[in-house]
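Single-letter residue listing:
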Amino acid sequence: MPSLKDLRNRIASVKATQKITKAMQMVAAAKLRRAQEAAEAARPYSERMGSVLANITQAIGGGGDAPALMTGTGKDNVHLLVVCTAERGLCGGFNSQIARLARDHIRRLLADGKQVKIICVGKKGFDILRRDYASMILDRVDLREVKTLGFVNADAIAKKVIHLFNEGAFDICTLFYSQFKSVISQVPTAQQIIPAGVASAPAAAVDGGNAVYEYEPEPGEILSDLIPRNISVQVFRALLENAAGEMGAKMSAMDNATRNAGEMINKLSITYNRQRQAQITKELIEIISGAEAL
Amino acid sequence: MAEAFKFELVSPERLLVSAEVESVVIPGAEGEMTVMAHHAPVMTTIKPGVVTVKTASGGEERYVVFGGFADIVPAGCTLLAESAVAVKDVDRADLARRIQEAKEDAADAKDDQARSKAEQFLSQLTTLEGAILPA
Numbered sequence: 001m002p003s004l005k006d007l008r009n010r011i012a013s014v015k016a017t018q019k020i021t022k023a024m025q026m027v028a029a030a031k032l033r034r035a036q037e038a039a040e041a042a043r044p045y046s047e048r049m050g051s052v053l054a055n056i057t058q059a060i061g062g063g064g065d066a067p068a069l070m071t072g073t074g075k076d077n078v079h080l081l082v083v084c085t086a087e088r089g090l091c092g093g094f095n096s097q098i099a100r101l102a103r104d105h106i107r108r109l110l111a112d113g114k115q116v117k118i119i120c121v122g123k124k125g126f127d128i129l130r131r132d133y134a135s136m137i138l139d140r141v142d143l144r145e146v147k148t149l150g151f152v153n154a155d156a157i158a159k160k161v162i163h164l165f166n167e168g169a170f171d172i173c174t175l176f177y178s179q180f181k182s183v184i185s186q187v188p189t190a191q192q193i194i195p196a197g198v199a200s201a202p203a204a205a206v207d208g209g210n211a212v213y214e215y216e217p218e219p220g221e222i223l224s225d226l227i228p229r230n231i232s233v234q235v236f237r238a239l240l241e242n243a244a245g246e247m248g249a250k251m252s253a254m255d256n257a258t259r260n261a262g263e264m265i266n267k268l269s270i271t272y273n274r275q276r277q278a279q280i281t282k283e284l285i286e287i288i289s290g291a292e293a294l
Numbered sequence: 001m002a003e004a005f006k007f008e009l010v011s012p013e014r015l016l017v018s019a020e021v022e023s024v025v026i027p028g029a030e031g032e033m034t035v036m037a038h039h040a041p042v043m044t045t046i047k048p049g050v051v052t053v054k055t056a057s058g059g060e061e062r063y064v065v066f067g068g069f070a071d072i073v074p075a076g077c078t079l080l081a082e083s084a085v086a087v088k089d090v091d092r093a094d095l096a097r098r099i100q101e102a103k104e105d106a107a108d109a110k111d112d113q114a115r116s117k118a119e120q121f122l123s124q125l126t127t128l129e130g131a132i133l134p135a
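Same order as they appear, the protein sequences are chains A and B. Numbered continuously in my numbering, the first sequence closes out at residue 294. Numbered continuously in my numbering, the second sequence closes out at residue 135.
You may find that some hints are simply not true.
Here are the simulated DSS-like pairs of lysine-lysine, each with C-alpha atoms no more than 30 Å apart in a straight line [unchecked claim]:
no., chain 1, residue 1, chain 2, residue 2
1, B, Lys110, A, Lys159
2, A, Lys117, A, Lys22
3, A, Lys159, B, Lys117
4, A, Lys117, B, Lys110
5, A, Lys147, B, Lys103
6, A, Lys31, A, Lys5
7, B, Lys103, A, Lys159
8, A, Lys147, B, Lys88
9, A, Lys75, A, Lys22
10, A, Lys147, A, Lys22
To be clear about the criterion: a stretch of chain A counts as covered by chain B if any three or more of its residues have a C-beta under 8 Å from a C-beta of chain B, and this derived list gives those stretches [stated by the list, open to error]:
no., region
11, 178 to 191
12, 220 to 229
These aren't lab readings, by the way, just hints derived from the structure by calculation. Quick caveat: nothing in here was measured; it's all calculated off a predicted structure. Backbone N, C-alpha and C fix where the C-beta goes; we use that ideal spot for every residue, glycine too.
In isolation and in its complexed conformation, chain B is listed as follows (with noise of 0.2 Å):
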């Protein structure tokens, strides 16, 4: 059984998550990465996607965030979500609209570099979505 660490998972509105885990694995902005205890310090932003914790009791919980960033040291995990839900309790409808929102943004882009960022970030809320539907 792999050493327990100290995770928090923190929305600007409330504190969803403060326990000991095993390990979570965390959608950082240049990839998913799983941290287990002892990692080395890292920061990293995230992009919108699913954080799973393995709880030190053996449970494993999942939570949608919709990007944030996550600071890393030896000791535990922080992460910021600018908003977060446990996956049982997405409203499909808040997803939808915020796709729909992405996609505006896309649309209405002034320059290249701002629809390649609006466009990727839609492509991260409909991953998203594919990966939570058919739980």
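Pulled out of the complex, with its shape left as it was, chain A reads as follows (with noise of 0.2 Å):
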């Protein structure tokens, strides 16, 4: 049985982390706003660059021009696994869910008798997929500096991903993030990004209407150009939404915390009062029949 001193130990320091994760929790919701205003105001990049591309690629309507980034090499035997998760932990099962469907991944290819190549973003996913798949990771992308996710940074990823595609270091790139769908729910998605395989976006068809374009240069020459802009976009993105579903994980896992933390503190101090009352009863007991006794 713990002693009264230690008990009221125990109550400040379950109050003291308590303060700190409900001040994490806000620190998450504040920054977790910003990180979905940023991924909304990407979003119409995106969106018209899905659509240019559908345009485009129906113009040259999959001719022989497209540029390798697009058909691919034709092989699938090497995979580039890009794989995007947070710098931080402390947001519950957010890293370990990308880091599981990224190996469930890796267990597959390998079993295909598949060559695997990983490149890690953010130094938790390194730090999992490090224990068992060490020898596969080529690269690993520390954004733990960067204050605000900037284009840039999906750009300097992208580039490092191209550049080892067009020395045939891989055939077919995927890319795993976290897809935000809500504060309680991220989804861990993967993407193929090379060889881009293009929806055919019907809502391209709408603002643009099925005009003859004009294009200036050529259109291969304006997709070689529009096809690393799109990968560096499509990386931006995963990035944006990874940043925006770590926040929201972190502020329920906090959320938890905090909740998990009051009931302790409930708990601990119904045994401290019981047992204060038992120690104040028991000294009565003994004056009593302290008295009694004379």
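Hints are included, so try docking the two chains, each in its own frame, into the full complex.
Here's what the structure looks like:
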């Protein structure tokens, strides 16, 4: 049985912890709002990019002059996985969910006899994947120093990937990140970015009509300029979604922690009060029986 | 007064302009072009340069863009810029840094094609610097 002093100390320490988790929750909530705004602000660009790409691929009609980034190498022996996770923990199952999805994917690929290479974005994913697949990790991108996620960060990652592709280091590239559904639900997602499967977006036809475009310079040339940029945009979007998702996960994790701490404090105070009462009773009995003995 | 049309200037980070405008001057890869309402559908890449927007209310705004492309349809014009800032907010140091990087790229280029591309980009940047410096 812990002494009264022990209990008092425990209660104090749990209270301190609760204060911290509460503060972290509020910070996450504020950051979440900012991350969501950033994700929202980036949406028009990627939407436009999608519709323009759909238009232009239609114009080319899958002709032979589509760049290799779009058609792929025609093989699927070597896979590159870009795994985007958070830089910090304390956000529930956020990082491990993404890592688990990536790990399942890797296992499947290895079982099929494919070669796997990994680029880790974010420290946490690296820490998890390093345990099993250290030899496959080509590179890791550290975004810890980055205060606000900019397009340049995504562009740097995309350039790295494209550079590797041009060297023939891999055939298929898949991006792993967590899609931000809501504050309480983030869905880990795998998205293939090379070769770029351009979804035939029906929305594209709406504003452009089926107008015959003039291209300046040639469509093929525009496309070869556009595809790398599209990859950057995809990465950027993944990073933004991740940032929002991380904050959402952190918020709910910290909310849970605060609540748990509250429960714990209640339980501990009940034990503390009972014990104090018991001690008082005991002391009274001692005094009374002492008085009676006289 | 010319007819107005919808113009959007979008950078990956945010939507900069979305307004009814009279005309827009775009630094296209193959020469500057002025877009007005009912322009034939054109898609063009753009080089680093200044975009001049004449709004429907008569004002004029200027933005610096660093590459990107424009999607022009009769009903409107969308400019997807890699990065874009209003001319008055241009960060001289940032521009100087970009020029420095371009210079390094040109010096590092492995083959002739890459070098000429890098040099072209560098010259576009320096022209741009010249164009906005007096402003």
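* Would you list, in rising numerical order, the hints stated earlier that this structure does not obey? => Violated hints (numbers, rising): 2, 6, 9 and 11; every other hint is consistent with the structure.
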